[in-house]
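Participant: Letter by letter, the sequence shown follows residues 7 to 404 in this note's numbering.
Think of the hints as simulated: they come from the structure by calculation, not from any bench. A couple of the hints might just be wrong.
[What the hints assert, rightly or not] Pairs of lysine-lysine residues, derived as DSS-like cross-links and limited to a Cα-Cα distance of at most 30 Å, are as follows:
no. : residue 1 : residue 2
1   : K134      : K49
2   : K375      : K214
3   : K393      : K214
4   : K49       : K135
5   : K277      : K164
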Amino acid sequence: MFDRREKKIILALFLVNFCMIMDFMIIMPLGPIIMRVLEISPKQFSSLVTAYTLGAAVAGFLTFFLFRNNQRKHQLLKFLLGFVIVSFLSFLCTSYHLFLISRLITGLFVGFIGVVQLSIISEFIDLKKRSTALGVVMAAFAVASIIGVPIGVTIGNKVSWSAPFLFVFAVSATVWVSVFKLLPELTGATSESKDGRFQVLSEFAASKSGWALIGTLIFSNFLIVPFLFPSIILNGKVSESQLPMIYLVGGVSAIFSSVIFGRLADRYGNKKIFSIGVVSSVVAMYFATNIYPLPLGVIILIVAFYFAATSGRIVPAMTLVTSAVRLPIRGQYMSFVTCLQHLAAGLASVVAGAIAVKLENEEILNLPKLGYLAMSISLISLYFAWKVPQYSSSNDGV
7 MFDRREKKII LALFLVNFCM IMDFMIIMPL GPIIMRVLEI SPKQFSSLVT
57 AYTLGAAVAG FLTFFLFRNN QRKHQLLKFL LGFVIVSFLS FLCTSYHLFL
107 ISRLITGLFV GFIGVVQLSI ISEFIDLKKR STALGVVMAA FAVASIIGVP
157 IGVTIGNKVS WSAPFLFVFA VSATVWVSVF KLLPELTGAT SESKDGRFQV
207 LSEFAASKSG WALIGTLIFS NFLIVPFLFP SIILNGKVSE SQLPMIYLVG
257 GVSAIFSSVI FGRLADRYGN KKIFSIGVVS SVVAMYFATN IYPLPLGVII
307 LIVAFYFAAT SGRIVPAMTL VTSAVRLPIR GQYMSFVTCL QHLAAGLASV
357 VAGAIAVKLE NEEILNLPKL GYLAMSISLI SLYFAWKVPQ YSSSNDGV
């Protein structure tokens, strides 16, 4: 299905995505440890997520104005190197405020990398194959859940809360070398700077359904994500040592979901498959936000269902968004989408932190309220998905 050059591109982006997702996800299961050791509240813990997403949003905003170099490989390697360095700095943090700053800087580099990744996929992978390619790249979420996060959590439990970031640093440095050798030279669309910024912004406004889709989708997910694993431990009474196994099963389900949803979207249409994903995710969100002491097998099943549904729905959604504007301005559009995506995640984390309350008995209260809010917003995203315009001309790919 993919030629040799496309396979190299997809593999390189998969590896980069693996590093970023592992860095972000590793925070969640370490939540109880971080809150205990640093003596912080759920609201302060959610601020760590907010700082990360705020940094990424700022990066997306900056790239809209500064992203004129179209050498995509050079851009990716430069920002990935920054990510590698700040991962090591996160390991060195000894206080909440230092860690908060490091998460903000990490988010900046992740935001830059995210823009480059989406630009590469939208510019160099044909629309007819784009959902499958995105499905493979996003399967990094699942692989990180299976391999990276369990190892990191084990290190965190046995060494210290910051030690997993040394592991992230080592993996990311290795990936940087691999991407340098693997990724071919990529020259993006050279005409994007010829369009005036006001004209570009007017086209962005015309494709408002695309960024509204991503905004509602990400917001709904991040109402739940920051407290999913802390609630499993504190409300579900699951041992921290059992988290790697839960991540393993959840990751496997997400791998199959991402790839299958990608192929189905290419075959039957992104909007139809996205609709199926949203309905599934609404059901999964209900169970994920009503955790109480249950048999371990039931909790694993809930997490697997949640991972599969939320991973599956994002693949056709991102394909819709990458095709919502003309190719010459697509790189700028992706920077705008990335900014909005992380703003939505940051705002959702703030809302989640304000609603969720940690009781004296260590349980987290008000999670069902977050669930109902997330379900409602997910259903709203369906409306926007069916309104997204699509550019599917024969020269859509480069």
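Participant: Now tell me if each hint is right for this structure.
Facilitator: Verification of the supplied hints:
1. Our distance criterion of 30 Å between C-alpha atoms is broken by K134 and K49, whose separation comes to about 43 Å.
2. Our distance criterion of 30 Å between C-alpha atoms is met by K375 and K214, whose separation comes to about 28 Å.
3. For the hint pairing K393 with K214, the CA-to-CA distance comes to about 9 Å; that is within 30 Å, so the pair holds.
4. Of the pairs offered as hints, the one joining K49 and K135 is violated, with about 42 Å between alpha carbons and a cut-off of 30 Å exceeded.
5. Distance check on the hinted pair: K277 and K164 sit about 45 Å apart at the alpha-carbon level, beyond 30 Å; violated.
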